[in-house]
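Asks: Below are the chains, spelled out letter by letter.
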Amino acid sequence: KQEVTQIPAALSVPEGENLVLNCSFTDSAIYNLQWFRQDPGKGLTSLLLIQSSQREQTSGRLNASLDKSSGRSTLYIAASQPGDSATYLCAVSYSGAGSYQLTFGKGTKLSVIP
Amino acid sequence: NAGVTQTPKFQVLKTGQSMTLQCAQDMNHEYMSWYRQDPGMGLRLIHYSVGAGITDQGEVPNGYNVSRSTTEDFPLRLLSAAPSQTSVYFCASSYSRQKGAKNIQYFGAGTRLSVL
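So the protein lines, in turn, are chains A and B. First residue of the first sequence? That's 140 in my numbering, and the numbers climb one at a time after it. First residue of the second sequence? That's 346 in my numbering, and the numbers climb one at a time after it.
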């Protein structure tokens, strides 16, 4: 069974700092990997999606990398801002016909201190 | 586009009561799914559908029923609510992989359910 682990569970940084969130998965036969943001009491917003054939994706101050062979992904946030405070979730989907389900990590709760 | 809309936002039930959580999307997505989110457990897939008339079970299907009569709607039914079903429920949708789409999933705002 695929397992997704996110470390650390919580992170507090001062505003302006660059930071890295980590995600690891046990089965490298993934279709893609997504990073989501969840604000308290709200739904999930997709930030970046990396296909299994890609190494990284960038959107603004966010950069996500994927290393399938080692079962790892990182989300890099540059010049953090208080508005980045949220829980960040990593999720993988399997390869194979009909396999659409996402397997989620438990998330990293980020607090950016002004 | 409204995206993925879930109703109600909050619900309190007594043990044994039944109810339907509604989910609708206006993006013409083929794939829809239901997840539950519990503290310390992360999000877990309950049921999913790859198109109208087609549904399948996810990781935690017991106690829940689904049907997909239209592309837009994917309701989740609790036939006899139990305290263990207290959770936050999220509906998600995306294009199917057969279209070559990236399979980005869009989530609703969630339904917070308490079963007493």
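These are computed hints drawn from the structure, not numbers from a lab. Just so you know, these numbers come straight off a predicted model, no measurement behind them. Take the hints with a grain of salt, since some may be wrong.
Claimed, not checked - Derived DSS-like pairs (lysine-lysine); straight-line CA-CA distance at most 30 Å:
#	chain 1	residue 1	chain 2	residue 2
1	A	LYS248	A	LYS140
2	A	LYS245	A	LYS207
3	A	LYS140	A	LYS245
4	A	LYS207	A	LYS140
5	A	LYS245	B	LYS359
6	A	LYS248	A	LYS207
7	A	LYS245	B	LYS354
8	A	LYS245	A	LYS181
9	A	LYS140	A	LYS181
10	B	LYS354	A	LYS207
11	B	LYS354	A	LYS248
12	B	LYS354	A	LYS181
Asks: Does each hint fit the structure? Answer for all of them.
Replies: Verification of the supplied hints:
1. Among the hinted pairs, LYS248(A) with LYS140(A) is consistent with the structure: their alpha-carbon atoms are about 25 Å apart, no more than 30 Å.
2. Taking the CA atoms of LYS245(A) and LYS207(A), the gap is near 20 Å; set against the 30 Å cutoff, the hint holds.
3. Taking the CA atoms of LYS140(A) and LYS245(A), the gap is near 16 Å; set against the 30 Å cutoff, the hint holds.
4. Straight-line distance between C-alpha atoms of LYS207(A) and LYS140(A) comes to about 16 Å, which keeps the hinted pair within the 30 Å bound.
5. Straight-line distance between C-alpha atoms of LYS245(A) and LYS359(B) comes to about 29 Å, which keeps the hinted pair within the 30 Å bound.
6. With a CA separation close to 24 Å, the supplied pair LYS248(A) and LYS207(A) stays within the 30 Å bound.
7. With a C-alpha separation of about 23 Å, the suggested pair LYS245(A) and LYS354(B) falls inside the 30 Å cut-off, and the hint holds.
8. A C-alpha spacing of about 16 Å is found between LYS245(A) and LYS181(A), which places the hinted pair at or below 30 Å, so the restraint holds.
9. Proximity of LYS140(A) to LYS181(A) is assessed by CA-CA distance (about 28 Å); at most 30 Å being required, the pair is judged to hold.
10. About 38 Å separates the Cα atoms of LYS354(B) and LYS207(A), which puts this hinted pair outside 30 Å; it is violated.
11. This hinted pair checks out: LYS354(B) and LYS248(A) have alpha carbons roughly 23 Å apart, not beyond 30 Å.
12. This hinted pair checks out: LYS354(B) and LYS181(A) have alpha carbons roughly 10 Å apart, not beyond 30 Å.
The structure shown violates just one earlier hint, number 10.
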